[in-house]
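All chains, please: the whole structure from these sequences, using the hints.
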Amino acid sequence: MAVRFKRSYHDRKETVARRRKTILKVLILLLFFQIVFSLFAATIKMTSISMEPEVSRGSVMIYSPFVYGFKINMLGLQLPQVRTPERGDLIVLTPPYMERRKGAFAVLNGVVKFFTFGKVNLNSISSESWNQGYLIKRIVGIPGDTIRMSDYKVSIKPEGSIYFLSEFEVIDKDYDIQINNLPEFWTDDMPFSGNIDALTLEDDQYFVLGDNRMMSSDSTDWGVLSRERIEGLILMKYWPLNQFTLYK
164 MAVRFKRSYH DRKETVARRR KTILKVLILL LFFQIVFSLF AATIKMTSIS MEPEVSRGSV
224 MIYSPFVYGF KINMLGLQLP QVRTPERGDL IVLTPPYMER RKGAFAVLNG VVKFFTFGKV
284 NLNSISSESW NQGYLIKRIV GIPGDTIRMS DYKVSIKPEG SIYFLSEFEV IDKDYDIQIN
344 NLPEFWTDDM PFSGNIDALT LEDDQYFVLG DNRMMSSDST DWGVLSRERI EGLILMKYWP
404 LNQFTLYK
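Here this note's numbering is used: the first residue of the sequence shown is 164, the next is one more, and so on.
Misleading hints may appear alongside valid ones.
No farther apart than 30 Å at their CA atoms in a straight line, the calculated lysine-lysine pairs in the DSS-like style are these [unchecked claim]:
#1 K208 - K411
#2 K208 - K316
#3 K336 - K316
#4 K411 - K336
#5 K336 - K208
#6 K411 - K320
#7 K336 - K320
#8 K188 - K176
#9 K411 - K316
Distance ranges between label pairs, derived from CB positions [to be verified]:
#10 T210 - Y338: 13 to 21 Å
#11 T210 - K176: 48 to 56 Å
#12 T206 - S324: 36 to 44 Å
#13 L193 - M378: 36 to 44 Å
#14 W402 - F195: 20 to 28 Å
#15 V179 - Y410: 43 to 51 Å
These are computed hints drawn from the structure, not numbers from a lab.
Just so it is clear, CB atoms sit at the ideal spot from N, CA and C, and this is done for glycine as well.
The structure is reproduced here in structure tokens:
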């Protein structure tokens, strides 16, 4: 009886040990996939109306930090870019007024969201209520472009050109903008007038706007966007399902 008891106890102990090893392997595998997912693709939810009519509030999108070249600060590595940011790209960005999250933080936040089923988001831990997340905007101007705006309509003079053309003549991506009428008493020197004098973008500078021009916090408010604040390229909109869209 004593021998049988010892063998039974030993078998149970081995079974528990095997289960623990299996669970640990599964957790490590899930962690690995989550880290890879954070580096190559991530989800973002639209929380405003600033990109209507293309992206409505509540839409969920997938973006990739990898396309423009992802920097892994904790390893001191810069992954090669697939391509440079282009006019018309829908991008995820960190605005100039917000502290930029480091690569390690982004990965850690992805892991935390994964294991808490999205209930905990480290981006919401901030000393300022407005300093909490990324923005989605459209690139209208790239380095070398000269940009000007009249009544929220943009004209672009590409580098090397002598003529200004409308944004829709220069940008080869299809999109619509939304502009509401200002009150009759609103003058050009008032805020949100939608007019900007000619501005030439320098190296690593981009001009970004919301498609809903009058309801967007963008380059008309806080100026040009530096390259380092572009977090990734929007690849697709997958929610709501009836608005599923792939972006090039």
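Taking the hints in turn, this is what the structure says about them:
1. K208 - K411: Within the cut-off at roughly 19 Å; holds.
2. K208 - K316: This hinted pair holds, its Cα atoms lying about 27 Å apart.
3. K336 - K316: Distance ~16 Å between K336 and K316 Cα, so the pair holds.
4. K411 - K336: 9 Å, holds
5. K336 - K208: Since the Cα atoms of K336 and K208 sit roughly 22 Å apart, the hinted pair holds (cutoff 30 Å).
6. K411 - K320: OK: K411 and K320 at ~24 Å, within 30 Å.
7. K336 - K320: Within the cut-off at roughly 17 Å; holds.
8. K188 - K176: 18 Å, holds
9. K411 - K316: Judged against 30 Å, a Cα distance of about 24 Å means the pair holds.
10. T210 - Y338: 13 to 21 Å: Taking Cβ atoms as reference, T210 and Y338 lie about 20 Å apart, which means the hint holds.
11. T210 - K176: 48 to 56 Å: 51 Å Cβ-Cβ, so the 48 to 56 Å window holds.
12. T206 - S324: 36 to 44 Å: 38 Å, holds
13. L193 - M378: 36 to 44 Å: 39 Å, holds
14. W402 - F195: 20 to 28 Å: 26 Å, holds
15. V179 - Y410: 43 to 51 Å: 49 Å, holds
The structure fails none of the hints (numbered hints given earlier).
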